[in-house]
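A.B. asks: Assemble chains B, C and D onto chain A, guided by the hints.
Protein chains in written order, with the numbering used here: chain A, 129 to 503; chain B, 129 to 503; chain C, 15 to 415; chain D, 15 to 415.
Check before you lean on any hint, since a few could be wrong.
To be verified - Pairwise CB distance ranges (calculated):
hint : chain 1 : residue 1 : chain 2 : residue 2 : range
1    : A       : Glu473    : B       : Glu473    : 53 to 59 Å
2    : B       : Asp303    : C       : Arg31     : 44 to 50 Å
3    : B       : Ala173    : C       : Glu326    : 33 to 39 Å
4    : D       : Thr155    : B       : Glu473    : 19 to 25 Å
5    : A       : Gly435    : D       : Gly368    : 48 to 54 Å
6    : D       : Ile218    : C       : Gly414    : 28 to 34 Å
7    : D       : Thr155    : B       : Arg156    : 32 to 38 Å
8    : D       : Asp135    : C       : Gly414    : 26 to 32 Å
9    : A       : Glu437    : D       : His224    : 47 to 53 Å
Unchecked claim - DSS-like, lysine-lysine: derived pairs with alpha carbons at most 30 Å apart:
hint : chain 1 : residue 1 : chain 2 : residue 2
10   : C       : Lys300    : A       : Lys441
11   : C       : Lys300    : D       : Lys300
12   : D       : Lys253    : B       : Lys395
13   : B       : Lys395    : D       : Lys410
14   : B       : Lys141    : C       : Lys410
15   : A       : Lys441    : D       : Lys93
16   : B       : Lys141    : A       : Lys392
17   : C       : Lys300    : C       : Lys124
18   : C       : Lys300    : C       : Lys93
19   : A       : Lys395    : B       : Lys395
20   : D       : Lys109    : D       : Lys410
21   : A       : Lys395    : D       : Lys247
22   : D       : Lys410    : A       : Lys392
23   : A       : Lys395    : C       : Lys253
24   : D       : Lys277    : A       : Lys441
25   : B       : Lys359    : B       : Lys441
26   : D       : Lys253    : A       : Lys392
27   : B       : Lys392    : D       : Lys410
28   : C       : Lys124    : C       : Lys247
29   : C       : Lys300    : D       : Lys277
30   : D       : Lys93     : D       : Lys109
31   : D       : Lys88     : A       : Lys441
32   : C       : Lys124    : C       : Lys88
33   : C       : Lys253    : B       : Lys392
34   : D       : Lys247    : D       : Lys410
35   : B       : Lys392    : A       : Lys395
36   : B       : Lys441    : D       : Lys300
37   : C       : Lys93     : C       : Lys62
38   : C       : Lys300    : B       : Lys441
39   : B       : Lys441    : C       : Lys93
40   : D       : Lys277    : D       : Lys88
Don't read these hints as lab results, they were simulated from the structure.
Ideal Cβ placement from N, Cα and C applies to all residues, glycine included.
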Amino acid sequence: MDLSYSEEQLLLKDSVSRFVARSYEFNRRRDNLHSSLGYSAENWALFAELGWLMIPFDEEDGGLGGSAVDLMILMEEFGKGLVVEPFLATTVLAGGLVAALGSDRQKGDYLSPVIDGAMQLAACYIEPDSRYCLSRVTTKAVRDGGGYVISGKKCVVLNGGHAENYLVVARTSGDSNDQSGISCFIVPNGVSGLSVDNYRMNDGVPAADLVFTDVRVPESSVLGAIGDGFKALESVVARATFAACAESVGIMDELLNKTVEYTKTRKQFGVPISSFQALQHRMVDMFIACEQSRSMLLMAACELDQGSESSLKAVSATKARVGQAARLVGQEAVQIHGGIGITDELDISHYFKRLTSIENLFGSVDYHVGRYMSA
Amino acid sequence: MDLSYSEEQLLLKDSVSRFVARSYEFNRRRDNLHSSLGYSAENWALFAELGWLMIPFDEEDGGLGGSAVDLMILMEEFGKGLVVEPFLATTVLAGGLVAALGSDRQKGDYLSPVIDGAMQLAACYIEPDSRYCLSRVTTKAVRDGGGYVISGKKCVVLNGGHAENYLVVARTSGDSNDQSGISCFIVPNGVSGLSVDNYRMNDGVPAADLVFTDVRVPESSVLGAIGDGFKALESVVARATFAACAESVGIMDELLNKTVEYTKTRKQFGVPISSFQALQHRMVDMFIACEQSRSMLLMAACELDQGSESSLKAVSATKARVGQAARLVGQEAVQIHGGIGITDELDISHYFKRLTSIENLFGSVDYHVGRYMSA
Amino acid sequence: MNAELSSDDLDFQDEVRRFLGSELPDDIRGRVESGGRLSKEQHVRWQKVVYERGWAGVNWPRQYGGTGWTPVQKHIFEKECARAYAPEFISFGLKMVGPVIYTFGTDEQKQRFLPSILSSDTWWCQGYSEPNAGSDLVALTTTAVRRGDHYVVNGAKTWTTYAHRADWMFCLVRTGAADVKSQEAITFLLIDMTSPGITVSPIITLDGAHEVNEVFLNDVKVPVDNRIGEENKGWSYAKFLLNHERTNIAKVAISRQRLSQLKSLLLVTPDGLGGFLSDDPAFSRKLAELEIELKALEFTELRTLSALSTGESPGPQSSILKVCGTEVAQRIDELFVEAAGMAGLPYRPDHYLGNAEVDQAGCVESYVNRTPWYFNNRKASIYGGSNEIQKNIIAKTVLGI
Amino acid sequence: MNAELSSDDLDFQDEVRRFLGSELPDDIRGRVESGGRLSKEQHVRWQKVVYERGWAGVNWPRQYGGTGWTPVQKHIFEKECARAYAPEFISFGLKMVGPVIYTFGTDEQKQRFLPSILSSDTWWCQGYSEPNAGSDLVALTTTAVRRGDHYVVNGAKTWTTYAHRADWMFCLVRTGAADVKSQEAITFLLIDMTSPGITVSPIITLDGAHEVNEVFLNDVKVPVDNRIGEENKGWSYAKFLLNHERTNIAKVAISRQRLSQLKSLLLVTPDGLGGFLSDDPAFSRKLAELEIELKALEFTELRTLSALSTGESPGPQSSILKVCGTEVAQRIDELFVEAAGMAGLPYRPDHYLGNAEVDQAGCVESYVNRTPWYFNNRKASIYGGSNEIQKNIIAKTVLGI
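Okay, chain A solo, but in the shape it has when bound:
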């Protein structure tokens, strides 16, 4: 048993942390986020150059064969900086699907450029009535001649606006909630019959709703075996969920630190508000929430890296606990800051909004407690 980081992991942590310190000054982040792309292409190129985009992938696919712990380190530091580059969308989710299901040729076409930083992808698996259920797929892909015809709606597609290709989850057989009969297709952006409604999420990050109307794709766009995509989807989304938890933990640490510092300088009634015991105890509760979340994260990382049967259950337990912590830490950080905490001008509200997004992203506390119970 050893819960410490390796030398390499400490170097990675340090490297990401230095990037954030150097390139994520708050106004610069804001400008990048408000650009039409929604992030900095320069940063993305740097990620590729530093090898961060290789981390989650196997060495035989051109990756670094990084562990869940490595992913956690990266995402936690990204969280601290509120990094907006679409690492979760392109690399973990969509890239994860290609890595899990793709043929060598498909990996060459779609994974290598992702690793090089040359291609953006987006995974389309959420539907208007699917809530958090991954097997609830009503978008249909019907065999037609040498290819498939896809029809249906996908919503809250992260990075959905600028992705060059979509990983589209569609039903090729079975009833709406069946786990079998779910297939995955690669669909290029701009294909005929596809309409894309771009918007920003509440945290400012771009996403899109997509409508597929008789979109024709060739046989070669099928990723993996027809009807057999569910397990891969589930496993990729679990890893993305874990990554999002790590991002949350980074955010919470930052909120706690900023709140503690603020109370030391902010004066009311002639004294720093850090001297009020009620606030002290509440900040201790925030600290506890942060540390218990981090412990869950380490637990899930160990389970994932061990490839254990119960890793899905571990991820659900983690998402549930982190979600509870996020609610507490986010709200308390805002409340203790007072008025300034709810302004757009200060970073606090942006951390709070991102935490809130992640609370619902990949499933709420209730949903994951339920999954934990049934797993």
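C.D. replies: Frame of chain A, contents of chains B, C and D only:
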């Protein structure tokens, strides 16, 4: 709309309050509780003399036709004094069943002496596997010649040791959970085939478990129509539940007051602990819990007195909210008192234990939220 | 003791319902129902409708054009307005400066200011908070120096809601020696927002809305006639105002309406399993517990109301209305966001801030404004005396600590 | 990073399991499982069994008869003991005064006291708290005045656990000027409980148990040889003791065992509808959330353990172990009481305090001791530095406030 007490109600409140101040000095209460009877026969006679035992009953039954508000006032003041006389058991529960189901003759035999303070009763309706479900009755009463033969187990019978007669709920037809087929019998203490295991509850109040082995009772012992007792039972238990909530509210007020006073005199680090803001805010939370509970109580009282359809739902909502408050107020009172709060010597722990009993008595928070949802 | 309405009150309730049924414009009702933000024009239009009916001065005495309603009638009116998705009145004129003016103002001030507050022709804002005095109101440093028949005001106010929409500001200023940090040197002034030297600078909140502002006052001349009451006595008028309005601070009526709206919404919110969220036992239980808490709060409010109706003092329970009211409201916000699920992620400013219809390809449309609302309403436990300050006050005044 | 046990550790785990499987007496196991209280004889008997195996000094260095185990081995041992329903060791000798003696004591003191602590032939109690110094330990007023080769001790101690069972007491006394309320005038003495002038007066706790006492010291003569270290330096030894034991303060192993016991119990607890409480979705959800919290706590403990294993400092997360450990344990107590339902109402002192079997005509018997346990364990957040004090400390030392 008028949520104030009438003149008469203010007089009643004052009268009970003066009784508690006069006769419920802590050590005197302890002696009475530790006596073999478990309460003071003298106090009970006084209750009768002051007419308090008449309050819940109709004027035609020899009562005062008191309202739910009157009952609330009485129980709340009883709560403040931790009164141990079996008012809830004999008067509200068992007396309530006789009043609801009894013939004139039965009322003459069993209700009049209760009102006079001359007879103690106990209601037997809880079974080992019934948890809080009133229709879960497996104790059987089988017709045999001119009477019935009763067999089964009843547990946590309040006042079960000293009652002269038991009101026994038994099944005369139907399956274990049917609401129909439930009947009520009057069974004298000491009858052949009845064994009584006396004990104290955690709050010190006497109760008993009863085993009925082929206990023969005559036809005349049937209370109300055979198979038709459920509605009366449900309604009587609802009123007792409401009464217990009122007792809890009285207890909580007392705990809050005692805790606030304690913090003003107890010094740590050279200052009264009331000066610690974290404790101040927690005592405010206790105050909020007390006031919100009182509001629920008034709401339920109004619904009961209005005879509204939704009064069972109102009582469940009240029991749920009061139960949450009781947990908070009881634990915080103990915690803020520190070591002294968990000694047998100080009254705080006795209030806490009684509150805890009431939390489970007549159904937990979970149970009543469930009933509220389904009602 | 009873919680029923008298037949007179029931008649009044019918009258209010009929009025709301026929007079509340659809676009305004729709905005409130959707959780989007209203334009100033919509606020004004609605208040004018109510004003025409003679009901704008809900809490005002008849002699100043108010309704003269009993506490129960006010309660009914507010309950019915919420039920009908009528917007709340902006409080700065009607609930705040209005009562100060008719209680402490001169006859000239009453005639000059009160009618246009009722008719909504004049909008007011509140100049209390300052950048370095948040919860600690008394620490204000904006100064007013007397120069003949004027004061010259210098300083800055912040968190000034609707300063950018307001015609006038009621304002606390320091008139005593600059270094005296006491309540004794504060004066209550009414300031024309078009006065030279006033700059309003927007503060955008986390939901993207422009609601609050900084207001800079640079050598602003304010006629002495615009002073309420005596110089240096302003704190007592401000305190009157803080203590004046005990009804409806818990916002029970609005919370009830929002909770019932949420319950309806759950019936059409897919649970991802082919059913609806209303079938989810865990969610239903949270909702039930919240509904019970709201019921408790309603009766805590009614207890206060009942006392006021019979001329009694409102009792210690009234001290918890603000804290509990905001906690319940914010809990409802949370459940909206939880219920929304993925539908709570998109931000649609055209719909939330503007008036645009949104056709979300995805998800249940009715959730579109709920997350920004949740964000915005975090203010409820911060503004107007934070919940921490409320608890300090309860500890002191009620528990006697 | 990995959370798996090494093969050596797995072997050790097997060894501990075999030992517990064969050596833990049934009556003792049964007492622990039922939640009843153990007699002194049972405690002593069990510790002697472990002592014979050489394992009583779990945390002690080998040179003093300890195990010399690694942090992971200690963790495994504690986990397996809890799993097997072995009783916890009484900590006053083994975990408290023992380490103080082998760290600061003279050779003579080590030889005199350590062996009988390990063998459980001598029982110790802790004389720290005083009637007027609860959380504020430094405010103690018990005095020791030097008279030749003796101190004469006067004062009173309270909350002294097992004083009535103890042979010796380690005690903080004031040796400086009576009016000096500082840490500089405190001395650490070992006092023979049979000394003339000592009176032990029981304090009965709310569950009816006799666990704590008041100890009055009236001109008690204590040889100077029984002083640990230097005069007036006692506070530093006491602080060492408070900071010494970082493992197992969260009591994760016991909480885990109790939670698993509760889960088993639910399978046979009637729900009143003909089924069992294990089918109840609301209860199951609370249980699941608690199980997750416990898992988090376990890893917070393991993080500390992992750091200690590699000789690093334990990290800020170790500061929360006590608070979170007691919160989880008390939450489990609550769920036991809730699960018990009506079966949680009867009090059976013969069974809880004594050894009697109870045949409850009603209800599930396994719940009989759970409510007294719940009551008793409210102490967990009060004793040994209340959770409020813990939070003050975390705020100061970790958050730097």
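A.B. asks: A separate judgement is required for each hint: does it hold in the structure or not?
C.D. replies: Each hint tested on the structure:
| no. | hint | in the structure |
| --- | --- | --- |
| 1 | Glu473/A <-> Glu473/B: 53 to 59 Å | holds (58 Å) |
| 2 | Asp303/B <-> Arg31/C: 44 to 50 Å | holds (48 Å) |
| 3 | Ala173/B <-> Glu326/C: 33 to 39 Å | holds (37 Å) |
| 4 | Thr155/D <-> Glu473/B: 19 to 25 Å | holds (22 Å) |
| 5 | Gly435/A <-> Gly368/D: 48 to 54 Å | holds (52 Å) |
| 6 | Ile218/D <-> Gly414/C: 28 to 34 Å | holds (32 Å) |
| 7 | Thr155/D <-> Arg156/B: 32 to 38 Å | holds (34 Å) |
| 8 | Asp135/D <-> Gly414/C: 26 to 32 Å | violated (55 Å) |
| 9 | Glu437/A <-> His224/D: 47 to 53 Å | holds (49 Å) |
| 10 | Lys300/C <-> Lys441/A | holds (24 Å) |
| 11 | Lys300/C <-> Lys300/D | holds (12 Å) |
| 12 | Lys253/D <-> Lys395/B | holds (23 Å) |
| 13 | Lys395/B <-> Lys410/D | holds (21 Å) |
| 14 | Lys141/B <-> Lys410/C | holds (28 Å) |
| 15 | Lys441/A <-> Lys93/D | holds (23 Å) |
| 16 | Lys141/B <-> Lys392/A | violated (51 Å) |
| 17 | Lys300/C <-> Lys124/C | violated (49 Å) |
| 18 | Lys300/C <-> Lys93/C | holds (24 Å) |
| 19 | Lys395/A <-> Lys395/B | holds (28 Å) |
| 20 | Lys109/D <-> Lys410/D | holds (26 Å) |
| 21 | Lys395/A <-> Lys247/D | violated (39 Å) |
| 22 | Lys410/D <-> Lys392/A | holds (12 Å) |
| 23 | Lys395/A <-> Lys253/C | holds (23 Å) |
| 24 | Lys277/D <-> Lys441/A | holds (18 Å) |
| 25 | Lys359/B <-> Lys441/B | holds (14 Å) |
| 26 | Lys253/D <-> Lys392/A | holds (28 Å) |
| 27 | Lys392/B <-> Lys410/D | holds (25 Å) |
| 28 | Lys124/C <-> Lys247/C | holds (19 Å) |
| 29 | Lys300/C <-> Lys277/D | holds (23 Å) |
| 30 | Lys93/D <-> Lys109/D | holds (17 Å) |
| 31 | Lys88/D <-> Lys441/A | holds (28 Å) |
| 32 | Lys124/C <-> Lys88/C | holds (23 Å) |
| 33 | Lys253/C <-> Lys392/B | holds (28 Å) |
| 34 | Lys247/D <-> Lys410/D | holds (24 Å) |
| 35 | Lys392/B <-> Lys395/A | holds (27 Å) |
| 36 | Lys441/B <-> Lys300/D | holds (24 Å) |
| 37 | Lys93/C <-> Lys62/C | holds (20 Å) |
| 38 | Lys300/C <-> Lys441/B | holds (17 Å) |
| 39 | Lys441/B <-> Lys93/C | holds (23 Å) |
| 40 | Lys277/D <-> Lys88/D | holds (27 Å) |
In summary, the numbered hints that this structure violates are 8, 16, 17 and 21.
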